[in-house]
Amino acid sequence: MRKISYCEALNEAMSQEMERDPTVFVYGIGVPDHKRIFGSTVGLVEKFGSERCFDTPLSEDAMTGFGLGAAINGMRPIHVHMRVDFLLLAMNQLSNMVSSYRYTSAGKLKVPMVIRAVIGRGWGQGSQHSKSMYSVFAHVPGLKVVLPATPRDAKGLLISAIRDDNPVIFMEHRLLYYVSGEVPEEPYTIPLGKTTVLHEGEDITVVATSWMNVEALKAAEILGRRGVSVEIVDPRTIAPFNDELVIKSVEKTGYCIVADNDWLNCGFSAEVAARVSELCFNNLKSPVYRIGFAFTPCPSTRPLENCFYPNAIDIIRAIEKKLKLQPMDLSNEDFYSYENKFRGPF
Amino acid sequence: MNISGLERKANWVRNQILEMIVSANKGHIGGAFSCTDILVTLYYGGILRFDPNNPNWSERDRFILSKGHSCVALYAILGDLGFFSISELNSFCQKGSMLGGHPDRNIPGIEADTGSLGHGLGIATGLALSAKIDKKDFVSVVLLGDGECYEGSVWEAAMFAGHHQLNNLITIVDRNQQGVTDFTEDCNRLEPFADKWRAFDWDVRTINGHSFEELLSAFKDFRCRKSYRPLVIIANTIKGKGVSFMERNIIWHHSVPTDENLKIARQELTLNK
Chain A
1 MRKISYCEAL NEAMSQEMER DPTVFVYGIG VPDHKRIFGS TVGLVEKFGS ERCFDTPLSE
61 DAMTGFGLGA AINGMRPIHV HMRVDFLLLA MNQLSNMVSS YRYTSAGKLK VPMVIRAVIG
121 RGWGQGSQHS KSMYSVFAHV PGLKVVLPAT PRDAKGLLIS AIRDDNPVIF MEHRLLYYVS
181 GEVPEEPYTI PLGKTTVLHE GEDITVVATS WMNVEALKAA EILGRRGVSV EIVDPRTIAP
241 FNDELVIKSV EKTGYCIVAD NDWLNCGFSA EVAARVSELC FNNLKSPVYR IGFAFTPCPS
301 TRPLENCFYP NAIDIIRAIE KKLKLQPMDL SNEDFYSYEN KFRGPF
Chain B
347 MNISGLERKA NWVRNQILEM IVSANKGHIG GAFSCTDILV TLYYGGILRF DPNNPNWSER
407 DRFILSKGHS CVALYAILGD LGFFSISELN SFCQKGSMLG GHPDRNIPGI EADTGSLGHG
467 LGIATGLALS AKIDKKDFVS VVLLGDGECY EGSVWEAAMF AGHHQLNNLI TIVDRNQQGV
527 TDFTEDCNRL EPFADKWRAF DWDVRTINGH SFEELLSAFK DFRCRKSYRP LVIIANTIKG
587 KGVSFMERNI IWHHSVPTDE NLKIARQELT LNK
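Residue numbers (the numbering used here), protein chains in the order written: chain A, 1 to 346; chain B, 347 to 619.
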């Protein structure tokens with residue numbers, strides 16, 4: 001099967017859906033500009049015109065209300081935010097209006113709206129360009145929250161999100177944009193609320209979100225060489241979160257580590273830990289362990305960033321500790337390869 | 347400083363901006379050039395009250411660069427005035443430098459961390475109201491981008507300032523007609539811009555933001571305004587002002603000139619000396 005990047009997969013999903021359904025349109029700051037949301041909206045304005053792909057003012061709150069109005073009138077808006085951080089300006093719309101419209105109208109109104117938001121990362125992104133925040137959105141009933149980690153999931157989940165009659169927050173990690181993988185050419189859907197096993201294993205379960213799946217796969221590859229078999233479960237959709245595969249995996253391995261691309265405090269990792277403890281407490285050989293961001297605003301310098309963000313090394317060390325193994329020599333392993341390659345655009 | 351002195355200083359600042367951005371290979375050049383003359387007037391035209399040796403002097407006027415992306419212009423000025431060593435300018439956006447791509451309060455002379463747009467006017471209204479409560483005569487000045495005025499928070503703060511009659515608050519809008527991705531009147535029309543401010547009970551002065559005569563005149567009663575209203579100065583400017591190929595060209599929001607472009611930019615800024 002042909003391989004394309006995560007970014008191209010997002011682009012293809014939108015393009016195919018806009019072709020299929022004339023009610024789908026894309027808007028947001030920078031959507032039709034020269035950088036095209038890091039490349040993900042390339043070609044859309046040329047193909048579908050400025051009525052279906054247009055720039056907006058720096059008015060996140062009002063523009064989210066605009067999307068709500070369009071959605072309840074039968075359109076399928078896709079609102080794009082270059083940074084999750086500034087999506088927070090629309091939190092009132094999202095938590096008080098968009099999320100509850102269908103419920104408070106007794107199901108008479110549908111809100112088929114997708115909000116794409118990019119989680120920033122890379123040299124110097126600092127505290128206002130790097131937040132994940134997805135647990136905040138997942139906390140609100142009525143919002144679906146999707147975190148694709150592979151190009152195949154990016155396309156299939158985005159198409160599902162566009163076709164869904166409910167508001168979906170679709171969160172894309174910036175470093176994933178250049179990850180490439182096999183993606184079918186034809187349109188296809190991956191159901192929202194379906195967890196996947198990214199890597200099968202027997203000894204320990206790692207539940208990873210978004211970018212942390214890349215780190216977990218790296219950890220699994222390295223540990224595999226010393227005979228440790230790691231199972232990686234990617235929830236993909238954290239609201240609704242179907243925990244079935246997580247529970248099944250932990251019942252098999254007896255150990256659970258949650259590697260979240262976020263702060264730990266009140267985050268999605270706590271939700272996973274709670275569910276695992278509630279649903280398979282008797283299978284656990286030790287308490288659930290969580291890995292996430294350092295609990296500070298994100299620093300700007302690279303050496304501090306390396307301390308702030310968890311990575312494959314942290315996962316390896318946590319697994320070794322859980323399984324009571326001696327720390328292996330990692331001096332010849334290649335870490336930070338994406339960070340070192342990344343040159344923007346920011 | 348007289349007008350020809352201000353002109354020479356503005357040219358020096360633009361040269362500094364260019365070289366700092368080229369050396370860092372990053373920075374927001376277009377918006378820095380559009381507000382250079384405004385900043386030069388404030389700092390060298392005898393308008394703002396400040397003490398480079400005592401940046402936190404309680405009687406200083408408070409200047410907030412709400413369009414924090416243009417900080418490179420302000421850095422050049424603060425360095426030149428001695429708020430910090432001028433050699434620091436060479437380190438702009440380099441490892442270990444205190445001069446990052448957006449301004450923060452670790453830098454002497456910087457009043458607020460900015461860059462995330464829509465926050466400066468709110469902070470400035472707080473400073474202005476507290477000056478009244480404390481019976482201080484410092485003036486709070488905030489420089490907004492026109493694209494920034496799309497944020498609802500700007501108008502919430504404007505309404506508050508109008509209601510509280512904050513005549514010790516001056517807003518300057520760098521009206522360069524462009525945001526990061528588009529021309530303002532194409533993206534979302536701001537006009538009639540002056541009428542919007544008037545409707546919020548502000549005094550409005552509309553000037554050419556590249557004319558030092560008009561800038562000085564707009565600030566002439568800076569500390570002794572008779573009106574009870576806050577004042578907004580709408581400074582019509584040109585994004586990229588000073589380098590012909592950058593002027594009103596959307597890609598020069600934060601591109602970095604190289605090779606031939608750099609040569610031309612240097613030449614044009616030299617000719618203006």
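A hint or two may mislead.
Quick list of the computed label-pair ranges, beta carbon to beta carbon [unchecked claim]:
1. B:TYR574 x A:ASN96: 50 to 56 Å
2. B:ALA545 x A:SER105: 51 to 57 Å
3. B:ARG569 x A:LEU304: 41 to 47 Å
Straight line, CA to CA, 35 Å or less: simulated DSBU-like cross-link-like pairs of lysine-lysine [stated by the list, open to error]:
4. B:LYS441 x A:LYS341
5. A:LYS341 x B:LYS481
6. A:LYS341 x B:LYS372
7. B:LYS372 x A:LYS47
8. A:LYS47 x A:LYS218
9. A:LYS35 x B:LYS566
These aren't lab readings, by the way, just hints derived from the structure by calculation.
Backbone N, C-alpha and C define an ideal beta-carbon position, used for all residues, glycine too.
Against the structure, the hints come out as follows:
Distance hint check for B:TYR574 and A:ASN96: the Cβ-Cβ separation is about 37 Å, which falls outside the suggested range of 50 to 56 Å. A C-beta distance of roughly 35 Å is found between B:ALA545 and A:SER105, which places it outside the suggested range of 51 to 57 Å. At roughly 43 Å, the beta carbons of B:ARG569 and A:LEU304 sit within the given window of 41 to 47 Å. Proposed proximity of B:LYS441 and A:LYS341 is supported: the alpha carbons are some 18 Å apart, at most 35 Å.
Distance hint between A:LYS341 and B:LYS481 is unfulfilled; the C-alpha atoms sit about 56 Å from each other, more than 35 Å. Taken as a hint, the A:LYS341 and B:LYS372 pair is honoured in the structure, with Cα atoms around 18 Å apart against an allowance of 35 Å. For the given pair, B:LYS372 sits about 32 Å from A:LYS47 by alpha-carbon distance, which is consistent with the 35 Å threshold. Taking the CA atoms of A:LYS47 and A:LYS218, the gap is near 39 Å; set against the 35 Å cutoff, the hint is violated.
Between A:LYS35 and B:LYS566, the direct Cα distance comes to roughly 43 Å. Violation of the 35 Å bound is thereby established for this hinted pair.
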